[in-house]
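Use the sequences and the hints to build the structure in full.
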Amino acid sequence: MTQQIRQLRQRLSQGMAADFPRLRRDLDRWRADAPDADQRLARLAEQIEASALRSELRRARVPEISVPEDLPIATRADEIVEAIRAHQVVVVAGETGSGKTTQLPKLCLAAGRGLAGLIGCTQPRRIAAKSISRRVAEELKSPLGQLVGFAVRFQDQVNEDTLIKFMTDGILLAETQSDRFLRRYDTLIIDEAHERSLNIDFLLGYVKRLLPRRPDLKVIITSATIDTERFSQHFGNAPVISVEGRGYPVEVRWRPIEGDREERGDSGLYQAIASASEELAATDPRGDILV
3 MTQQIRQLRQ
13 RLSQGMAADF
23 PRLRRDLDRW
33 RADAPDADQR
43 LARLAEQIEA
53 SALRSELRRA
63 RVPEISVPED
73 LPIATRADEI
83 VEAIRAHQVV
93 VVAGETGSGK
103 TTQLPKLCLA
113 AGRGLAGLIG
123 CTQPRRIAAK
133 SISRRVAEEL
143 KSPLGQLVGF
153 AVRFQDQVNE
163 DTLIKFMTDG
173 ILLAETQSDR
183 FLRRYDTLII
193 DEAHERSLNI
203 DFLLGYVKRL
213 LPRRPDLKVI
223 ITSATIDTER
233 FSQHFGNAPV
243 ISVEGRGYPV
253 EVRWRPIEGD
263 REERGDSGLY
273 QAIASASEEL
283 AATDPRGDIL
293 V
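Oh and the sequence shown: position 46 is 48 in our numbering, straight run, nothing missing.
Just so you know, these hints were derived from the structure itself, not from any lab. Worth double-checking, as some hints may not be accurate.
Derived DEER-like restraints, expressed as beta-carbon distance ranges [to be verified]:
{"no.": "1", "residue 1": "Arg232", "residue 2": "Gln5", "range": "26 to 34 Å"}
{"no.": "2", "residue 1": "Arg232", "residue 2": "Asp290", "range": "34 to 42 Å"}
{"no.": "3", "residue 1": "Ala34", "residue 2": "Arg137", "range": "50 to 58 Å"}
{"no.": "4", "residue 1": "Ala284", "residue 2": "Gly207", "range": "47 to 55 Å"}
{"no.": "5", "residue 1": "Gln90", "residue 2": "Ser269", "range": "53 to 61 Å"}
{"no.": "6", "residue 1": "Ser269", "residue 2": "Arg232", "range": "37 to 45 Å"}
The calculated EDC-like cross-link candidates involving lysine to aspartate or glutamate, where the alpha carbons are at most 16 Å apart (straight line), are [to be verified]:
{"no.": "7", "residue 1": "Lys143", "residue 2": "Glu66"}
{"no.": "8", "residue 1": "Lys143", "residue 2": "Asp163"}
{"no.": "9", "residue 1": "Lys132", "residue 2": "Glu97"}
The C-beta atom is built at its ideal place from N, Cα and C for all residues, glycine as well.
Right, here's the structure in full:
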């Protein structure tokens, strides 16, 4: 009987994170001398097996993972996967265009995450959560709402088969009210942490306190190249992996505004912008202009 209990505990560790507390509690409370001990243990074994099978089915649904070679993060992909496997918290620093936002959830899948629960990815804005989820779903060749979904205010495209869930940081904060230990997730990616909004700061503090109670939970913090050491120190000197951005050559032309700026006010600024735009268009009419 002791051998059977050990086997059930081992099998339980292979199941869904959301099922773990309840099934472990029931297993701890089971007593061999109880009148219905055999029946209770048999029912418990069925529930543990069902939980483990759900995790195995999720593993079977993981598609082939590839990272576009033209993205800077591709050169650090293997290193990031190994860091996720080896550490509970990893900080990824990357500039705009590095590919960290779209590729990190896929690298989590490559590291074996998303099997015991969702890979949750927070975004500061709703439009980002929706657009990025569409992009990642497209790269994984899956309809939106299947392997990859999103949840924002008044919209939820996630089902029980979903592996990657994009959401606003406010949505994740709201979920802590009904799921204190965030058992639905086996991995959390807090993206754009350098923005340091109130929601992000709350999440960083909450997750730090949660980690000792969820040793199975992995957390990835992403940031621009600023404040990475502070994030690392906040999470017990977590490893920092830096990814270069995708840069483009920039030519600087100085066109000071002529005359008294105070007298001309905004009209002088707008005229200078119009003149600079005309000059650029005359030089090369192709491309766009960002003011």
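Now the hints, each set against the structure:
no. : hint                        : verdict
1   : Arg232 x Gln5: 26 to 34 Å   : violated, 49 Å
2   : Arg232 x Asp290: 34 to 42 Å : holds, 35 Å
3   : Ala34 x Arg137: 50 to 58 Å  : holds, 54 Å
4   : Ala284 x Gly207: 47 to 55 Å : holds, 54 Å
5   : Gln90 x Ser269: 53 to 61 Å  : holds, 57 Å
6   : Ser269 x Arg232: 37 to 45 Å : holds, 43 Å
7   : Lys143 x Glu66              : holds, 10 Å
8   : Lys143 x Asp163             : holds, 15 Å
9   : Lys132 x Glu97              : violated, 21 Å
Checked against the numbered hints listed earlier, the structure breaks hints 1 and 9; every other hint is satisfied.
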